[in-house]
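A.B. asks: Sequence:
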Amino acid sequence: MLTVSVVLVCLAASLLLMQFLGMQRKRRQLPPGPAPLPLFGNLLQMKFQIHHDILNQMASTYGKIFTLWLTSVPVVVLQGYQAVKEGMTAHAEEVAGRPLSRAFKFLTNGNGVMFSNGHLWKQQRRFGLLTMRKLGVGKQSQECQIQEEARHLVQYLRNTKGKPVDPTVPVTHAVSNVISALILGHRFSIEDKRFLRLVEAVDDISAFTNSISFYVHDRLPWIATCFLTRCKKALASIRTMRALLEEEIESHKGKTDGNQDFIGYYLDQMAKSKEDVGATYDKANLTQNVFDLFLAGTETTATTLRWALLYMVAYPDVQEKVHQELDAVLGSSRLICYTDRKNLPYTNAVIHEIQRYSNIVLIALPRYTVKDTELLGFPIPKDTIVLVNIDSVLSDPEKWETPDQFNPGHFLDKDGNFVHREAFLPFSIGHRACMGELLARLELFIIFCTLMQAFTFTLPDGVKEVNTKFVFSTTMKPPPHQLCAIPR
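Under our numbering, the letters of the sequence shown match residues 7 to 494, in that order.
If you are wondering where the hints come from, they were derived from the structure by calculation, not from laboratory data.
DSS-like cross-link-like pairs, simulated, lysine-lysine; straight-line CA separation at most 25 Å:
no.: 1; residue 1: Lys475; residue 2: Lys53
no.: 2; residue 1: Lys140; residue 2: Lys259
no.: 3; residue 1: Lys259; residue 2: Lys199
no.: 4; residue 1: Lys128; residue 2: Lys111
no.: 5; residue 1: Lys128; residue 2: Lys377
no.: 6; residue 1: Lys278; residue 2: Lys261
no.: 7; residue 1: Lys91; residue 2: Lys128
no.: 8; residue 1: Lys261; residue 2: Lys280
no.: 9; residue 1: Lys53; residue 2: Lys32
no.: 10; residue 1: Lys53; residue 2: Lys111
no.: 11; residue 1: Lys238; residue 2: Lys199
no.: 12; residue 1: Lys377; residue 2: Lys32
no.: 13; residue 1: Lys167; residue 2: Lys470
no.: 14; residue 1: Lys420; residue 2: Lys327
no.: 15; residue 1: Lys91; residue 2: Lys388
no.: 16; residue 1: Lys70; residue 2: Lys53
Derived DEER-like restraints, expressed as beta-carbon distance ranges:
no.: 17; residue 1: Gly383; residue 2: Lys289; range: 42 to 48 Å
no.: 18; residue 1: Pro387; residue 2: Gly468; range: 57 to 63 Å
no.: 19; residue 1: Pro227; residue 2: Ala334; range: 55 to 61 Å
no.: 20; residue 1: Thr166; residue 2: Glu206; range: 20 to 26 Å
no.: 21; residue 1: Asp59; residue 2: Pro387; range: 25 to 31 Å
no.: 22; residue 1: Thr67; residue 2: Phe478; range: 21 to 27 Å
no.: 23; residue 1: Ala439; residue 2: Asn349; range: 26 to 32 Å
no.: 24; residue 1: Asp59; residue 2: Ala439; range: 21 to 27 Å
Bear in mind the structure is a predicted one, so any value in this text is a computation, not a measurement. Beta carbons: idealized from backbone N, C-alpha and C, even for Gly.
Based on the sequences and whatever the hints tell you, model everything.
C.D. replies: This is the structure we're talking about:
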């Protein structure tokens, strides 16, 4: 028995030694970085999280491009505006893939648009962009839908009569209804149990993707799904979300009232391309596309709007200037249109600064090299994961005058005119840039301005300080809080 144990220990030690030597051999072919350990790589140093502070510290030691190891997998990190711009645009095609790890397959099975690759990804993304244009994104019809949801949100807050309220559910409701109308063809009421289940599922899935459970699942999927609570919760939420979305898809079948939403257009495309051997339009991709669009279209915009309201409470002088500009240009009741941003330079600058300063997506979704390439002078082999540190771009001291302060002046010239900044990249860059960027911009501007037109936001009585320290997750959320919406 003792001999068997000794043999097993020696075998394990030999495997670890072989892995360590293999990692050391690979290190010589990649950008510099901290030495990895067998089994864990650099995860112990990173406390099992891809945290922007740790990346910033490593960049100060190893430079604007460096290598980390997630277990035995090397990951090349790009740091700062110049490195990100060059890495994502000079070789855009080569870094347009997504990694196919166990954890990402767990989320999407390689379907849809967010984590697919190759021909499938290109066809699904092209269809998604064309369909969003057909559905009016960027046109007056889409603005009307957002204005309607903004009106519902205003009414909800009016009904609180200035009493303290947690804005999370009503703001998420407004944003999710915009994407719901686009992809499902209808809106949810705020009491709808299906809506509440979808929102809860989105939160659970988002929390899983930057947790220890995510990395354990990637190496030991059976153990993770059987014993880790967060992993089991994420799996249950994925099943819940897919079941609800499949119900929506089934309810569309057989309808003859035209293609008025994403599902309708996709079902029509499936029927048209039945005989096309190169087509990737099927139920699995439809379900995953709807999943991706709902997840991405709700989480990020709702979180940004929650930060917007919290910052208005934290910076009352900024809130007052927004009120003054809105009153002077639009008055107290006119509907807000996206074109109004041209006449509201300060308010437009505030919205951009909210996005920059809140920086809710610190690290962009991982890219994957689809062929051998070169990044910032370093040869990068095919099948290498590349991470873009968005935080290092939006807080790059070489591009922002006061990167660590909330300062709308970053987007204003000396005459008070709005100016675009090249380092403003909250929607990422390159071939995998956010396909919902225009919709998000419309929502942020119209909903924020409508709320500011109607209310002054304050702290509840007795609360003296505003906590703006983010809660670390896949998106950086505001801490739990309440505020008062005082009608103007």
